[in-house]
Amino acid sequence: MSSPYLGAIDCDIHPAVPNTAALTPYLSAYWREMRVLRELDRMDLMSYPPNVPLSGRPDWRPKTGSPGTDFDLLRAQALDHFGVRYAICNCLYGAQAFYDENMAAAFCHATNDWIQKEWLDRDPRLRASIILPLQNPDLAAEEIERLAADKRFVQVLLLSRCELPLGRNYYWPIYRAAERHSLPLGIHSGSMFRHSPTQCGYPSFFVEDHVSQTQAFAVQLASFVSEGVFAKFPELKVVLIESGVTWLPAMIWRFGKDWRGIRAEIPWVKSTPGTIIRDHVRLTVQPLDGPSNPQDLQRILEHLGSEDILLFSTDYPHWQFEGDAVLPSGFPENTLRKILFENPLATYPRLKETVQ
Amino acid sequence: MSTHSVVSSEPEGSRSKPVGSGVVDCDIHPAASSPTEVAQYLPERWRKHVSTFGVRLPNQPTINIVPYPRMAPGHGMRMDSWPPNGGAPASDLGFMREQLLDACNIEFGILQPLSGGSMTTNQELGSAFCNAMNEWQLEKWTRKDKRLKGAICVAQEDADSAVATIERYAKNRDFVHIAIPTRTMEPFGRKRYWPIFEAAERWNLPICMHAPATGYHCNTPSGWASYYIEEHIAFSHPPQTIVTSMILEGVFERFTRLRIVLVEGGFAWVPPLAWRLDKQWQIMRDEVPHVKRPPSGYLREHFWFTTQPVEESERPSDLLDTIRWIGSDRLMFSTDYPHWDFDDPSRAFKIELSREDRKAILRDNAVALFRLNE
Amino acid sequence: MSRHVVARVGEIAPGQRKILEVSGRRIGVFHSNGEYFALLDRCPHQGASLCSGMLVSLVDSSEPGEYRMSRQAEMLRCPWHGWEFDIRTGQSWCDPAKVRVKTYLVTVEPGAELAKGPYVATTYSVTVEDDYVLVEI
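Chains as they are written, first to last, in the working numbering: chain R, 1 to 356; chain Z, 1 to 374; chain G, 1 to 137.
Pulled out of the complex, with its shape left as it was, chain R reads as follows (with noise of 0.2 angstroms):
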């Protein structure tokens, strides 16, 4: 029996560094004798503790080490089972969260070319984001600047708490870099774990700091808008990935009303919010946070008023759904084809670079 999403386009899958040695090879002689002296490994970033359940799906975890670290396991149950045509790796790796920006730098270095010689050049199937070092624009610039040539890497990975609002100026030089190249701004639901995760301190439990990423979303997507980011960078796209979608069509609703009176304080935003984040933002499907009802669940997504904005993705192998279950019922068959196929190739225009 084929698989219903045979040929799609998975927008996010999570290969993991099996461990800070595995990035020797790509190390500069300084950080190769600097990871030995200061003990560096276990750099796993820690929105995803290998052995939480969301993070690796029972019957997704190799038998030793985390889940994500087996590429056979990888390529035998997120491509070949679910017949992807393509899957676009997020590597989520603790390098973006380091307060050294030249330690960022360099591992985020390193991993993206363990990615693109592990990885990229052992299925074709596979395509990637570039990991930046958030920590400095500049040098962050520069690595996508490195990799631009190499058309597999189809997007650029941001986190969804970081330092500042990423709508701030001082971001603009990757979304700059970023533009020029075709390359997407991938946001993640994740942390650099330098603020409050919320408003009012910080959550008592795992489950609660990850109920809480919506939040997250929302402003940066609020951040962007605002501060002008579309205005200024028009070929811009960004993807929220792994953000639960349904909370969308409420923040456009208040940022909408809100823009309609407080319009003069930004007035670089010349259309509404709502037309701005359907013409420019993404997001992947997975965890939808719905309701068990199928129509309630078309009719939340109605309320995101566009049929280009879902992206189709599995999240492997975190723990989102149960099965071949990737998309509850429901789904019309047109509706189904934008997701799957349409919407991931005209969000990512570097996929059409290297057809296979």
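Just so you know, the hints here were simulated from the structure itself, not pulled from any lab data.
Glycine included, C-beta positions come from ideal geometry on N, C-alpha and C.
Mixed in with the good hints, there may be bad ones.
[What the hints assert, rightly or not] Coverage of chain R stretches by chain Z, computed from C-beta distances (three or more under 8 angstroms per stretch; other residues unrestricted):
| no. | region |
| --- | --- |
| 1 | 50–57 |
| 2 | 158–164 |
| 3 | 187–196 |
| 4 | 220–234 |
| 5 | 242–253 |
| 6 | 294–303 |
Following the hints, position chains Z and G against chain R.
Showing chains Z and G alone in chain R's frame:
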């Protein structure tokens, strides 16, 4: 302060149409007519302190207490709300009667004083200031107009003092709720706040939580926003944190009759948060074994939401979905008088609500929740 | 359609306004940069007294951080939710295609042709001392 002058203006008395039976307005912000009007209820020691050291708030960079200036004079007031006899908007009971209570057929108005005492970093001052606000409400407002119902303002970061304040005022039915700001120092479900829940439940008083203008933590998890419009969007987030924290800390397993009202935080975010909570709890319930059933169940039983600023969906019928998903019994009308984003009860809802729903939202839900007929 | 006297020329100073009832409707009459404009005093959003809002300039921009001012005192901010209305056309700035407030044609007539009367005019008597401002409704 309004700087324009209108050559001829007439009272707004006939502006709004009554809506049949009366309306309950769950969010009115009364104001002082002078800087010392509330301070006069403070002990001398604190009056002196306030006049020299002020009521210091966290993350308040300038003397002006709103870090993000509003796009309207008076720190965000309706331009027509300055009383003709002078004073700040909502500082004059006579004008409030004319412009709001009578004009909008308000049967009961619930006061939300937004006491600096709840947010000041000096905890002893906070407790004293909250008591002063409570005395001020009695003398200036609730004793003078029986439609107005007061809030027991408490300094929630010092739970013992908050409980003492509740004990002091709870018997007086001029007070119908306990007022706590949404931007607390820790997520509101944390154990340090449980003594307050115990008192609230024992006295059968709901806790109303309203956004303050400053907070202890950044207004985004990625640092501080630049613009007022971003801050205003972010006002809808602490209510979500409150829901998430209180449910996942097991507050409602322990306090089965506790009722929380989230004021001015929006409400369209409620269904998606309920779905997300249920989904994530299914995956990670081992982390929170004290949460015995799906989170959405607790949400439906313990939380109410005031309607202002009313959600304006791009397609009006979408809002009907939202109301159906939340339950029209959980929504309670509010005007937010005298703020700029005021909702008029006869015009705020651009959708066709059934008569029953309209009456429930505009009056009956609040009458039941605040026990206004007792 | 008929014309109604709403004020004497000179009564409404430049930059000022007068709100009054004409023919059963509340309208605001504005004197702005040497011209007169009149609008219905009801915001199409939630019915606020639009004409008691602040008169501001039009703020536009061609890039983040730039504020371009034009049309000084010709945009009316609703005193409630701050929507901006062009007093010449009634057009709202936020959503020009959809939201508009009703405007009225305002003319300034020399006194000899009109009678002075109460401002919601139903009777006329003639004076020639002053010029009058009339509104056609």
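We went through each hint and held it up to the structure:
no., hint, in the structure
1, 50–57, "holds (count 3)"
2, 158–164, "holds (count 5)"
3, 187–196, "holds (count 4)"
4, 220–234, "holds (count 5)"
5, 242–253, "holds (count 8)"
6, 294–303, "holds (count 5)"
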